[in-house]
Amino acid sequence: MTLRVLNTLSGEREEFEPADPDDVLLYYCGLTVSDDPHLGHARTWVHVDTIHRWLEHLGYDVRHVENVTDVNEKIVARVGERDGDGTLGDDEREVAATFIDRLLTDMRSLNLRRAEVHPRVTEHVPEIIDLVETLVEEGYAYESDGSVYFDVTAFPDYGRLSNQRLDDVEAQGPEAERAEKRHPADFALWKAGGADAAAIEEHRHDDRDYEAAAPTGETWESPWGEGRPGWHVECSAMSMTHLGETLDIHMGGRDLVFPHHENEIAQSEAVTGEPFARYWLHADLLEMDAEKMSSSLGNFVTVHEAVERFGTNPLRMFFLSASYNSTQTYSDAAVEEAIERWRRLATAYDRATDALAGADARTTADSALDERAAESRDAFAAAMNDDFNTREALAALFDLAGAVNTHLDDADAYDYRGLRAVVETFEELGEDVLGFAFGGDAGGGEATLTGELVELVLDVRERERAAGNYDRADALRDDLEALGVDVQDTDDGPTYGL
Numbered sequence: 001m002t003l004r005v006l007n008t009l010s011g012e013r014e015e016f017e018p019a020d021p022d023d024v025l026l027y028y029c030g031l032t033v034s035d036d037p038h039l040g041h042a043r044t045w046v047h048v049d050t051i052h053r054w055l056e057h058l059g060y061d062v063r064h065v066e067n068v069t070d071v072n073e074k075i076v077a078r079v080g081e082r083d084g085d086g087t088l089g090d091d092e093r094e095v096a097a098t099f100i101d102r103l104l105t106d107m108r109s110l111n112l113r114r115a116e117v118h119p120r121v122t123e124h125v126p127e128i129i130d131l132v133e134t135l136v137e138e139g140y141a142y143e144s145d146g147s148v149y150f151d152v153t154a155f156p157d158y159g160r161l162s163n164q165r166l167d168d169v170e171a172q173g174p175e176a177e178r179a180e181k182r183h184p185a186d187f188a189l190w191k192a193g194g195a196d197a198a199a200i201e202e203h204r205h206d207d208r209d210y211e212a213a214a215p216t217g218e219t220w221e222s223p224w225g226e227g228r229p230g231w232h233v234e235c236s237a238m239s240m241t242h243l244g245e246t247l248d249i250h251m252g253g254r255d256l257v258f259p260h261h262e263n264e265i266a267q268s269e270a271v272t273g274e275p276f277a278r279y280w281l282h283a284d285l286l287e288m289d290a291e292k293m294s295s296s297l298g299n300f301v302t303v304h305e306a307v308e309r310f311g312t313n314p315l316r317m318f319f320l321s322a323s324y325n326s327t328q329t330y331s332d333a334a335v336e337e338a339i340e341r342w343r344r345l346a347t348a349y350d351r352a353t354d355a356l357a358g359a360d361a362r363t364t365a366d367s368a369l370d371e372r373a374a375e376s377r378d379a380f381a382a383a384m385n386d387d388f389n390t391r392e393a394l395a396a397l398f399d400l401a402g403a404v405n406t407h408l409d410d411a412d413a414y415d416y417r418g419l420r421a422v423v424e425t426f427e428e429l430g431e432d433v434l435g436f437a438f439g440g441d442a443g444g445g446e447a448t449l450t451g452e453l454v455e456l457v458l459d460v461r462e463r464e465r466a467a468g469n470y471d472r473a474d475a476l477r478d479d480l481e482a483l484g485v486d487v488q489d490t491d492d493g494p495t496y497g498l
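Okay, so the sequence shown: first residue is 1 according to this note's numbering, each after it adds one.
Because the hints were derived from the structure by calculation, they are not lab data.
Mixed in with the good hints, there may be bad ones.
To be verified - Label pairs and their computed distance ranges (CB to CB):
1. P156 to E226: 31 to 41 Å
2. G468 to G193: 42 to 52 Å
3. D90 to D354: 52 to 62 Å
4. A176 to T216: 30 to 40 Å
5. G311 to E428: 39 to 49 Å
6. D20 to G225: 52 to 62 Å
7. D207 to D20: 31 to 41 Å
8. E392 to E371: 43 to 53 Å
9. D157 to G193: 23 to 33 Å
Ideal Cβ placement from N, Cα and C applies to all residues, glycine included.
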């Protein structure tokens, strides 16, 4: 069965055909690092991870990029704030670095495939300025009082993704910008001066513990004067830097369709004249108490807290029990149900491996378990090829779990060939595709642990480089090479060999 995906751009299920038949370019809109990641973020991470895994299972090489927004008034608002681990940071970069560190730690705790690169806004300001300059030169943007705005009337297809007519599009940006813009729906590509004081104050909290610090935001020189990048333009600049003019899959939350993704299409296609993304996939929201789980609303459970309380496997079971593009509701009861579902699956796997270890390879008991394993594989593939339907894919594994339990409860002799097919199916589909860790081994063995430790050091090294601490970064590279790890810096980030 051919993979079909629900493309937000067309509103229809379409056959998936990447530009290159062997490679998939996958971009996911990452986080603004102004708070600890919560389960709403984790839900989309796990689904993006599973999509990545399934594409690899189908034989594609996946180039996966996930950005980090480290320039934002929400981040500036937390300058000088203290939490249980001390001061978050004395400037915007330090606060962002604090939350990037927690972000990467939480990602690892959920057993996610590592994106090839996590580009940051602060590392791509030259590319952003180049993109804005081109938009101005081509007549798609204009300067106003040191800021630059995209002219939505110059892009005929504006509103196509969100299915809106230009006359119906809401005004974008804060009230203070209205006088600078030609059309209410025009959006900022570059903002003059420093961080917006009103936005900073909106996100600061009087009831939190702050050390004496004046909130400030970093600025950069540009052809229009000193300023900061607009929010929307960063994703276009970073994705095109690392993946080229046209992505195969652009994924993000449903709440980003408008204005963020609509604006990405406009500014990107205005420059290139090419489709920005072939397929737009949008994950629906995780709700708590009938509202979107959100840091700004305060109705969230952090990833760190949830992993500590429930464990990685139950959380992945919870998220994957609903399809990525359906709304899901968080509650303790729902996670407890996922814990029980994980136990059922893990118990069936453990029983099968234990029986296989004790079975005679010459045993030929006719249980048809190998046929049931093949049927489960087919049902699993049909589900995943139907717009990554993880709910039905899990149902195929639970059917197989029931079959192996029945066999082990009732058989006088075990079916060696069938048990082996069951174990291989659980490992190939449950572990490699859905990201579970059977047998109590969440780390995947010594080789995986070694790789994760190297990646952790490389992440620290990249943060040191981003902060301008090149001596520290060089020292970390030297230490790795002394241990036999060959580090190579490329345009797309560091790679290594053991």
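Tell me, in ascending order, the numbers of any earlier hints that this structure violates.
-> Violated hints: 2, 4, 5, 6, 7, 8; rest satisfied.
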